[in-house]
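Student: If you want the building blocks of each chain, they are given just below.
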Amino acid sequence: MERMRSLGSAHAGMMLWLWQRLTSIYMAGFVVYVIVHLSLSPVRDHAAWIAWMALGYVRLAWAVFILSILVHAWIGMRSVYFDYLPPLWLRSIVSLLTALGLLVLGLWAARILLA
Amino acid sequence: MPKKHKRPVYLNLVKIRLPVGGVLSILHRITGVILVLLLPLALYLFDRSLQDSTAFAEISSRVSSLEGRIVILIMVWVFAQHFLSGIRHLLLDIGIGDSKPIARRNAWLAFAASGAVVIFTGVCLWNA
Numbered sequence: 001m002e003r004m005r006s007l008g009s010a011h012a013g014m015m016l017w018l019w020q021r022l023t024s025i026y027m028a029g030f031v032v033y034v035i036v037h038l039s040l041s042p043v044r045d046h047a048a049w050i051a052w053m054a055l056g057y058v059r060l061a062w063a064v065f066i067l068s069i070l071v072h073a074w075i076g077m078r079s080v081y082f083d084y085l086p087p088l089w090l091r092s093i094v095s096l097l098t099a100l101g102l103l104v105l106g107l108w109a110a111r112i113l114l115a
Numbered sequence: 116m117p118k119k120h121k122r123p124v125y126l127n128l129v130k131i132r133l134p135v136g137g138v139l140s141i142l143h144r145i146t147g148v149i150l151v152l153l154l155p156l157a158l159y160l161f162d163r164s165l166q167d168s169t170a171f172a173e174i175s176s177r178v179s180s181l182e183g184r185i186v187i188l189i190m191v192w193v194f195a196q197h198f199l200s201g202i203r204h205l206l207l208d209i210g211i212g213d214s215k216p217i218a219r220r221n222a223w224l225a226f227a228a229s230g231a232v233v234i235f236t237g238v239c240l241w242n243a
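Residue numbers (my numbering), protein chains in the order written: chain E, 1 to 115; chain W, 116 to 243.
Hints were generated in silico from the structure; no laboratory data involved. Among the hints, a few may not be true.
Pairwise CB distance ranges, derived in the manner of DEER restraints [what the hints assert, rightly or not]:
no., chain 1, residue 1, chain 2, residue 2, range
1, W, L153, E, L40, 24 to 30 Å
2, E, F82, W, D208, 17 to 23 Å
3, E, V58, W, C239, 38 to 44 Å
4, W, L181, E, R44, 17 to 23 Å
5, E, I50, W, G210, 22 to 28 Å
C-beta atoms are modelled at their ideal positions from N, C-alpha and C, and glycine is treated no differently.
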């Protein structure tokens, strides 16, 4: 029971559950959109790729997609750690490294998309 | 609970026979972790491809080489497997296919569909 309590409130778990699903729905829609778009108008060279990525809504959709990946990855990796890394110290260290890694990826993605 | 067998003292992962839904579920986790580990590579390729036309051409030629196509195909399988078992998971959440026989059928369906995605992608890659 001690361990159960340290996981946080039931409400927090519910929010994680909800975010995991909201991000998955957005990502699924985005991936389907990109596949359909690239099938209809294939990107054959760098110029076409740049031109597509220069569109404001495309860039925004990519930004939301990448943010969704990071949120989804964080929640997913945390639940994996909670199940397979029982020692608190180990779970904390691995969680911290994961958070730092995802943060770096997020900043990198922001730099790419704002360029 | 019938007392035919003694409780196992340890869990032998090789001897556990998971039902198909269990295999799909653990694969969802494994593919998820693999996808997270692939994120830096994906972002690197995304970054480079946007930088200049020589980088774009280099990535294109690497992707269309034999090794590149095989790697792409493996990644497509990992993604499709995660995507499709995730869709099944979302449907289970809203009460679609949560009876045992349908859930098992959908688990097989997810495997079949990811196989189909890989075959279709392979056909596209080898005919492009």
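Student: Would you mind marking each hint as holding or not holding in the structure?
Tutor: Hint-by-hint comparison with the structure:
1. L153(W) - L40(E): 24 to 30 Å: Holds, at about 26 Å.
2. F82(E) - D208(W): 17 to 23 Å: holds, 20 Å
3. V58(E) - C239(W): 38 to 44 Å: With a Cβ separation near 23 Å, V58(E) and C239(W) fall outside 38 to 44 Å, so the hint is violated.
4. L181(W) - R44(E): 17 to 23 Å: Taking Cβ atoms as reference, L181(W) and R44(E) lie about 21 Å apart, which means the hint holds.
5. I50(E) - G210(W): 22 to 28 Å: violated, 45 Å
The structure is inconsistent with the numbered hints 3, 5, although it conforms to all the rest.
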